[in-house]
Every structure is written in structure tokens, then in C-alpha cells.
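Chains as they are written, first to last, in this note's numbering: chain A, 1 to 303; chain B, 1 to 258.
Think of the hints as simulated: they come from the structure by calculation, not from any bench.
Treat the hints with caution; some may be incorrect.
No more than 27 Å apart at the CA atoms, straight line, and that leaves these computed lysine-lysine pairs for DSS-like [said to hold, decoys possible]:
id: 1; chain 1: B; residue 1: Lys251; chain 2: A; residue 2: Lys210
id: 2; chain 1: B; residue 1: Lys74; chain 2: B; residue 2: Lys95
id: 3; chain 1: A; residue 1: Lys274; chain 2: B; residue 2: Lys95
id: 4; chain 1: B; residue 1: Lys173; chain 2: A; residue 2: Lys67
id: 5; chain 1: A; residue 1: Lys198; chain 2: A; residue 2: Lys178
id: 6; chain 1: A; residue 1: Lys102; chain 2: B; residue 2: Lys111
id: 7; chain 1: B; residue 1: Lys95; chain 2: A; residue 2: Lys185
id: 8; chain 1: B; residue 1: Lys245; chain 2: A; residue 2: Lys274
id: 9; chain 1: B; residue 1: Lys173; chain 2: A; residue 2: Lys300
id: 10; chain 1: B; residue 1: Lys245; chain 2: A; residue 2: Lys136
id: 11; chain 1: B; residue 1: Lys173; chain 2: A; residue 2: Lys244
id: 12; chain 1: A; residue 1: Lys185; chain 2: A; residue 2: Lys131
id: 13; chain 1: A; residue 1: Lys262; chain 2: B; residue 2: Lys245
id: 14; chain 1: A; residue 1: Lys300; chain 2: B; residue 2: Lys74
id: 15; chain 1: B; residue 1: Lys253; chain 2: A; residue 2: Lys300
id: 16; chain 1: A; residue 1: Lys262; chain 2: B; residue 2: Lys228
id: 17; chain 1: B; residue 1: Lys95; chain 2: A; residue 2: Lys67
id: 18; chain 1: B; residue 1: Lys245; chain 2: A; residue 2: Lys272
id: 19; chain 1: B; residue 1: Lys253; chain 2: A; residue 2: Lys210
id: 20; chain 1: A; residue 1: Lys131; chain 2: B; residue 2: Lys253
id: 21; chain 1: A; residue 1: Lys102; chain 2: B; residue 2: Lys95
id: 22; chain 1: A; residue 1: Lys67; chain 2: A; residue 2: Lys102
id: 23; chain 1: B; residue 1: Lys251; chain 2: A; residue 2: Lys272
id: 24; chain 1: B; residue 1: Lys228; chain 2: A; residue 2: Lys244
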Amino acid sequence: MKTLLIGEYREGKLLDSTYELLGFAAQLGAETAMLLVGSENQLPLYGGTLYLADAAACGEYNPDLHKKLIIEVVQQENPDYIVFLHSSYGWDLAPRVAVALKAAQISEVIAIQDSGFEVGCCNGKMRRSVKPATNKTVLTVQAGAFPALQPGGLPTVHKITSAGIGSLEFIGYEPAEKKDVDLAKAEVIVSAGRGVGKKDNIPVIQALAKALGGELGASRPVVDAGWVGHSHQVGTTGQNVSPKLYVACGISGAIQHLAGMKKSDFILAINKDKDAPIGEVADVLVVADVMQFVPALTAKVAR
Amino acid sequence: MKLLVCIKQVPDLESRFKANAEGVWYNEADLAFRMNEYDEYAVEQSVQLREKLGEGTELTVLSIGPDRVVEAIKKALAMGCDTAVHVQDAAASGKDPWQIASIIAAYAKDKSFDIIFTGMQSQDRGSAQVGVTVAELLGFACTTTIVGFEYDNGTITAKRELEGGIKGIVRMKSPALVTCQLGLNIPRYPTLPNIMKAKKKEIIAIPVADLLREESLAATTSFHPPAKKGGGIVLEGDMADLVDKVIAILKDKTAVLR
Ligand SMILES: Cc1cc2nc3c(=O)[nH]c(=O)nc-3n(C[C@H](O)[C@H](O)[C@H](O)COP(=O)(O)OP(=O)(O)OC[C@H]3O[C@@H](n4cnc5c(N)ncnc54)[C@H](O)[C@@H]3O)c2cc1C
Ligand SMILES: Cc1cc2nc3c(=O)[nH]c(=O)nc-3n(C[C@H](O)[C@H](O)[C@H](O)COP(=O)(O)OP(=O)(O)OC[C@H]3O[C@@H](n4cnc5c(N)ncnc54)[C@H](O)[C@@H]3O)c2cc1C
Numbered sequence: 001m002k003t004l005l006i007g008e009y010r011e012g013k014l015l016d017s018t019y020e021l022l023g024f025a026a027q028l029g030a031e032t033a034m035l036l037v038g039s040e041n042q043l044p045l046y047g048g049t050l051y052l053a054d055a056a057a058c059g060e061y062n063p064d065l066h067k068k069l070i071i072e073v074v075q076q077e078n079p080d081y082i083v084f085l086h087s088s089y090g091w092d093l094a095p096r097v098a099v100a101l102k103a104a105q106i107s108e109v110i111a112i113q114d115s116g117f118e119v120g121c122c123n124g125k126m127r128r129s130v131k132p133a134t135n136k137t138v139l140t141v142q143a144g145a146f147p148a149l150q151p152g153g154l155p156t157v158h159k160i161t162s163a164g165i166g167s168l169e170f171i172g173y174e175p176a177e178k179k180d181v182d183l184a185k186a187e188v189i190v191s192a193g194r195g196v197g198k199k200d201n202i203p204v205i206q207a208l209a210k211a212l213g214g215e216l217g218a219s220r221p222v223v224d225a226g227w228v229g230h231s232h233q234v235g236t237t238g239q240n241v242s243p244k245l246y247v248a249c250g251i252s253g254a255i256q257h258l259a260g261m262k263k264s265d266f267i268l269a270i271n272k273d274k275d276a277p278i279g280e281v282a283d284v285l286v287v288a289d290v291m292q293f294v295p296a297l298t299a300k301v302a303r
Numbered sequence: 001m002k003l004l005v006c007i008k009q010v011p012d013l014e015s016r017f018k019a020n021a022e023g024v025w026y027n028e029a030d031l032a033f034r035m036n037e038y039d040e041y042a043v044e045q046s047v048q049l050r051e052k053l054g055e056g057t058e059l060t061v062l063s064i065g066p067d068r069v070v071e072a073i074k075k076a077l078a079m080g081c082d083t084a085v086h087v088q089d090a091a092a093s094g095k096d097p098w099q100i101a102s103i104i105a106a107y108a109k110d111k112s113f114d115i116i117f118t119g120m121q122s123q124d125r126g127s128a129q130v131g132v133t134v135a136e137l138l139g140f141a142c143t144t145t146i147v148g149f150e151y152d153n154g155t156i157t158a159k160r161e162l163e164g165g166i167k168g169i170v171r172m173k174s175p176a177l178v179t180c181q182l183g184l185n186i187p188r189y190p191t192l193p194n195i196m197k198a199k200k201k202e203i204i205a206i207p208v209a210d211l212l213r214e215e216s217l218a219a220t221t222s223f224h225p226p227a228k229k230g231g232g233i234v235l236e237g238d239m240a241d242l243v244d245k246v247i248a249i250l251k252d253k254t255a256v257l258r
């Protein structure tokens, strides 16, 4: 069995998440080759075959060219699996490669099974086992699902290149919004999710944060709706936190939220839904209405 | 100009899910359905563009599924879409994203759409494949996960959201497809007059057999809850009691309460 792993590179740097692909391939027990649109000065610590295209020439985000490069290497290497991370780079590029190969694509793989792959569904509440019906399969693997593996050594580099311009013009990056609260330093974070119901209820969550001597955090919909500022957002597109105590109020526990807080020392979740996926990481899940429970808890803590 | 927005109807994710008889997807009984959240952003963006371009622009909403999806279609019409297409697919047999995308592409092929909007992913399956696959099948330029969208005279400037909140800015020419991320805009609530107006808008029904020419490339073999990881405690019951228990646990297990 053979895999072609598609590494990631952004703003002039090899991304560490690339090593998760090697972790995945090791669990699969498969041979590996890697393809990276990156730089000679940023080689992965991996003693295998590396097909390397220069990002200065092929662009960091130029899916048309990257697709062409991948297809050419697939023809040479003839892998069973073409493996991406389920990331903004991977989910954008993988379907293009799958269409070109008319291969099955299985998105956001979280585990390898005897006759296929396990993926999450229903916002993380359920799982599906999926089996490809094609002899080549494109996979995207969930960030964090497979431990990173850094085999060491230096790759045998095959330089590749592609001409043409592609249908997208990449203008540039815009940095993340400035943070006015550094949640990473907080010992206690009390986060509000959509289950809090409305903007007017945010002070109730804030009061618990204050009583516990902590900061207010939030899930993304609460930020998108303008209930609290972006600098409070926890998760893949917000901040990564690991406080001594994380209190999740009315947060379902989507993977993108969990990725930002699951390393917290102690997690208390309040949710009216006993099956909410936040229960998978919570040390204590209180099944209750957040607007009844939180004020009652605040009152007791403040005393 | 011709615009298309593709929407999926998904169950309320706060529901309890049980496998269907075949054990490969959820049992629909007792589930309430609504428009996929990501698609609300797609509809809003397409309606905003439709309003900006004014007369001479037509915005079509399309959804594939059983009769229940007409509810989601009606919402999109009330938000401001002009016409609708319901690709009727009552068969409870699973279709993979490849087939769904092929159906949409087969419909769109000879309609000369300028811009197609889809959600970045569905909330129930979350493959994040359908949009990009449609674009590839039609030979459209495409970018994904957009949190910013501008259109000017055939050129789209979009802001893609990347990990850590960084954004990538890209430009492309129509015909193009964008997949919409949460927070792209603030989806409007349909007003009562617009709900009434929407009732008069046309919904064209097309049997799926007219558009489906592809076999599935992947099959779901099982639908099941996650293996319980254990460890965590679940507390239920009387409110005062719950508070006391939680205080006791926090005192015992964390250094933040003494
Ligand atoms: C590329 C990408 C990046 C993302 N980045 C992030 C990110 O950085 N951070 C992030 O948070 N999300 C992120 N998301 C969004 C993520 O997928 C989820 O949509 C989001 O985390 C859900 O927020 P939520 O839990 O507050 O809302 P929901 O999923 O709607 O959950 C609300 C919860 O509240 C419970 N509830 C409702 N009413 C009550 C009540 N009265 N009392 C108690 N409980 C109640 C419900 O049972 C439910 O579990 C991202 C998504 C994508 C695709
Ligand atoms: C009648 C019916 C029965 C089904 N039965 C099963 C089953 O038994 N087993 C199973 O595993 N799955 C089943 N499904 C689910 C279906 O196969 C998936 O929705 C499909 O594969 C798309 O994948 P996704 O939701 O991951 O799309 P994604 O790629 O995550 O969706 C991205 C975007 O594509 C567009 N889109 C997606 N689906 C549609 C649609 N239906 N109409 C219009 N636009 C859409 C939306 O804009 C959406 O935001 C069924 C669906 C239908 C309609």
C-alpha cells in the first residue's frame, strides 16, 4: 500500500501539521512519498522521497497549478491514497484532485478501520464508516486526529515544476485581528456559546468569569453575531487556550472549538443536551439550562 | 447576470440521532429540518449581489432532496432569491458528494451561470466537497471558505479564512464558484411581506433521474455514535443540588476554588 502525502507550507514556512500526515501513514502501515510546494530551505525532517516544487514559482495558494503537480506525481508514483490535511489548504485542493482522477474522496478522517475509514458527522455527535469504491482514494485527515510523527533524516528531493498561471490571482495575506485579551495567559476561562441564547445574556456568563477570577471566552457563532469581540474567540480560527479551568456554557463542542481548548486542565460544560460532543472532553458535564445554572453557580461562588 | 445558490436541508443538530434501518444514515422520524447554516450565508451573499446588480440579474436557488426541502427553498425565496429548482430525490439511498455535485453540474451545465454560491460544508455530513467539485466539473474558477466577497464588473475579490484567523485574499474572473464560511455576512430574517411574496415565486421540480448519471464513488457502511471515552462525569437533576456538587468537585479537582 502506498500513500502520497501532500505537505503544507504558508508564509514561507513548512507547517508542522505536515508531520500529522506521516503519523497517519504510519498507522495505516503504508509506504510514503511526499509532495510539497515549498522551499529547499524548509525541508521536512523525513528521510523519504520528496517531490518539491518551489512556492516562489508555483504560489503558496494556486490550486490549479498545485493540482497539476499532484496529478503528474500520482501518475509516476501510482499511490493508493493521496492524503491531505482537512485544512483550508487541503479541503480546497483535495476535491480538485479527486475530480481529475475520478477518485473517491473521504473527508475529515478520524480513524482507520479494517475495511475503510471513520469520519465524524452531525457536528461531531455521530460517526460514519466509509468505504471507497475506487482503486485510488483521496483522503483529508482531521487536524489533531493522528499524532505528528517526525521520522528525522533528510528527504531525497525530486524537483518538479509547472507552468501556467491558473484561474486565481493570489493578492496576499491579511494578518489575524489584533487581540485585546490574551486568553492564553488566563487561568480560568468561562466561554459563552450559542446556547446562551442572546446578547443580553452575555453579562451572566461574564459574571461567572469574574467570580472565578477569569476571562470571558466565546465560540465562533457568538463572535460572528457580534455578541462579543473576536479577541475572545476560542478555536482553530481564534485562540488556543489551556487554562486550569475551562467552563463551556451552551457550547456544542464542534471540532474547531475543541481544537482550541481540549488541553485545558479541567473542563466543566453546561449543556441541555446530554449527547453534545463537548461531553467527550468535559471532566464534568452538567445537563441543565445554562441561564438557570450559571447564575446559581455564580451566586454560590461569589459567597 | 445569472446567479445560482445551492442549499441543503439538514436536521437540527441538537436532536438525538438514531441509525436508520440500513444502519448507514440517520432515521429521519422525529427530526426537525432547516437550512444548513453555511448555506444561509451563501443565500445572503447571493441576495446582496442580486440587489446590487438590480434588474436583469436572476438568482436561482437549488436544493436536492425529498419534499421536505421545499421548506428550505421557500426560506431562500423569502430572503430574496427569484426562482427555485427542486431536484426531487425521495430515495433514501445514500448519495455521495460526487453524485450530489454531478447532479448540480448537470443542471447548471447549459444555463450559463456567472457565479455559483455554496456553503463551505454541510452541518450533518461536512465533507466540504460539493462546491469545489461542481466548479471543477463546470470548469469554473473557485475559491473556498470565504469570509469576504466583492464583485466588480466580472471580477470577484474574495477573502479566504485560514487557520489562526489569518486571511488570504484572492481575485478571479467569472464564471466562478465560491464556498461560504460562517461570519461572511449577517443572514437576514425573511419578513412577513417577503414570505407572502415568495409564495408566488416559481419552484421548478426536476426528478433526480433526469440529472443523475454518475455512480457513487464511496459508500457509507455504518452510522454510529462515537465510542464513549469515559472519564467525565454527567450530572443531572435538581438545580441547587447540581450547584453544590459542582462546587465540591471544583474545590476538590482544581486550584481555582478553595
Ligand atoms: C474552518 C472553520 C473554522 C472554525 N473555527 C472556529 C473557532 O475558532 N471557534 C469556534 O468556536 N468555532 C469555530 N468554527 C465553527 C464550529 O464548527 C461550530 O459551528 C461552533 O463552534 C459552534 O458554536 P456553539 O457550540 O456555540 O454553537 P452550537 O453548535 O449551535 O451549539 C449550541 C449548544 O448549546 C446548547 N444549548 C442550547 N440552548 C441551551 C440552554 N438553554 N442551556 C444549555 N445549553 C443549551 C445546545 O445543546 C448546543 O450543544 C469553525 C468552523 C469552520 C468550518
Ligand atoms: C434524499 C437523500 C437521502 C440521503 N441519504 C443518505 C444516506 O442514506 N446515507 C448517507 O450517508 N447520506 C445520505 N444523504 C446525504 C447526502 O448524500 C449528502 O448530503 C451528500 O453526499 C453531500 O455531502 P455533504 O453534505 O457532505 O456536502 P458538503 O460538500 O459538505 O456540502 C457543501 C455544500 O454543497 C451544497 N449541497 C450539499 N448537498 C446539497 C443538496 N442536497 N442540494 C443542494 N446543495 C447541496 C450546499 O451548498 C452545501 O453547503 C442523503 C441525501 C439526500 C438528499
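Here's how the hints hold up against the structure:
no. : hint                 : in the structure
1   : B:Lys251 to A:Lys210 : holds, 17 Å
2   : B:Lys74 to B:Lys95   : holds, 24 Å
3   : A:Lys274 to B:Lys95  : violated, 30 Å
4   : B:Lys173 to A:Lys67  : holds, 19 Å
5   : A:Lys198 to A:Lys178 : holds, 25 Å
6   : A:Lys102 to B:Lys111 : holds, 24 Å
7   : B:Lys95 to A:Lys185  : violated, 46 Å
8   : B:Lys245 to A:Lys274 : holds, 17 Å
9   : B:Lys173 to A:Lys300 : violated, 59 Å
10  : B:Lys245 to A:Lys136 : violated, 53 Å
11  : B:Lys173 to A:Lys244 : violated, 49 Å
12  : A:Lys185 to A:Lys131 : violated, 44 Å
13  : A:Lys262 to B:Lys245 : holds, 23 Å
14  : A:Lys300 to B:Lys74  : violated, 48 Å
15  : B:Lys253 to A:Lys300 : holds, 17 Å
16  : A:Lys262 to B:Lys228 : holds, 16 Å
17  : B:Lys95 to A:Lys67   : holds, 25 Å
18  : B:Lys245 to A:Lys272 : holds, 17 Å
19  : B:Lys253 to A:Lys210 : holds, 20 Å
20  : A:Lys131 to B:Lys253 : violated, 43 Å
21  : A:Lys102 to B:Lys95  : holds, 16 Å
22  : A:Lys67 to A:Lys102  : holds, 13 Å
23  : B:Lys251 to A:Lys272 : holds, 24 Å
24  : B:Lys228 to A:Lys244 : holds, 24 Å
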